[in-house]
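Chains as they are written, first to last, in the working numbering: chain A, 26 to 116; chain Y, 2 to 141.
Among the hints, a few may not be true.
Stated by the list, open to error - When the alpha-carbon atoms are kept at most 25 Å apart in a straight line, the in silico DMTMM-like pairs for lysine to aspartate or glutamate are as follows:
(1) A:Lys96 <-> Y:Asp58
(2) A:Lys96 <-> Y:Glu69
(3) Y:Lys121 <-> A:Glu69
(4) A:Lys100 <-> Y:Asp58
(5) Y:Lys121 <-> A:Asp42
(6) A:Lys96 <-> Y:Glu18
Just so you know, the hints here were simulated from the structure itself, not pulled from any lab data. This structure is a prediction, so every number in the text was calculated from the model and none was measured.
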Amino acid sequence: MPVEVRIPTVFRRFTGDRSVVEVGPGTIAEVIDQLEAQHPGFREQIITSEGELHRFVNIYVNDEDARYLEKLDTKVDEGDTISLLPSVAGG
Amino acid sequence: MTDTLYFSKEHASEMIEHCLQGRPNEACGVVALDGGRVQRVVPMTNAAQSPVRYVLDSREQIVCVQLERDGFDWAVFHSHTRTEAYPSPTDVREAREPRPYIIVSLADSKPVVRAFRIVKDDYLNDREGRIVEVPVHVEG
């Protein structure tokens, strides 16, 4: 079973309007590389120029916040679901 | 997209109570929506812990994915501890979605609840946006 990546509305312009994209297993960093290969321009929305997860984006692996797992090194197995969510903030 | 948000008296009270409890800091959370009707209030932690800024706690924000999986839409609420129930420049700048933003003002003795969409051409890059009010109706 592939890894399912759920894409929020704000990023769907990079995925041809798809709300779900399938990739193979690996680390989150490798999954993002796969997303970039399928949908160029996607990576820079999630990863900063320093190679860190952008603070405006949250990544969840099976409902767990990747920042509290191994961040970009978090392993993602077949059948797992990755959910991307823009952070919500204001004042 | 909904034109009016409908709260039961109980849900409105629950949301307002969470905002009052959060003082002196801004409080925040989400509401689950079925059409325009609030089905559930989800009080959340303000990770910014500030009287002038809120950030939905990233771990708690997974509830938004779960709500969508369960077929609900959702809207964000947050409080303004001293200013009116109207989007601040920060609210406009940080808005990254077309969904309604509910604002609870605690400036006066009687809390005020209003909601708005921040309309942008490019939610990723635009810092400016057009503020469009979404009527809020509290039943009961």
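Each hint tested on the structure:
no.: 1; hint: A:Lys96 <-> Y:Asp58; verdict: 16 Å, holds
no.: 2; hint: A:Lys96 <-> Y:Glu69; verdict: 24 Å, holds
no.: 3; hint: Y:Lys121 <-> A:Glu69; verdict: 21 Å, holds
no.: 4; hint: A:Lys100 <-> Y:Asp58; verdict: 23 Å, holds
no.: 5; hint: Y:Lys121 <-> A:Asp42; verdict: 18 Å, holds
no.: 6; hint: A:Lys96 <-> Y:Glu18; verdict: 35 Å, violated
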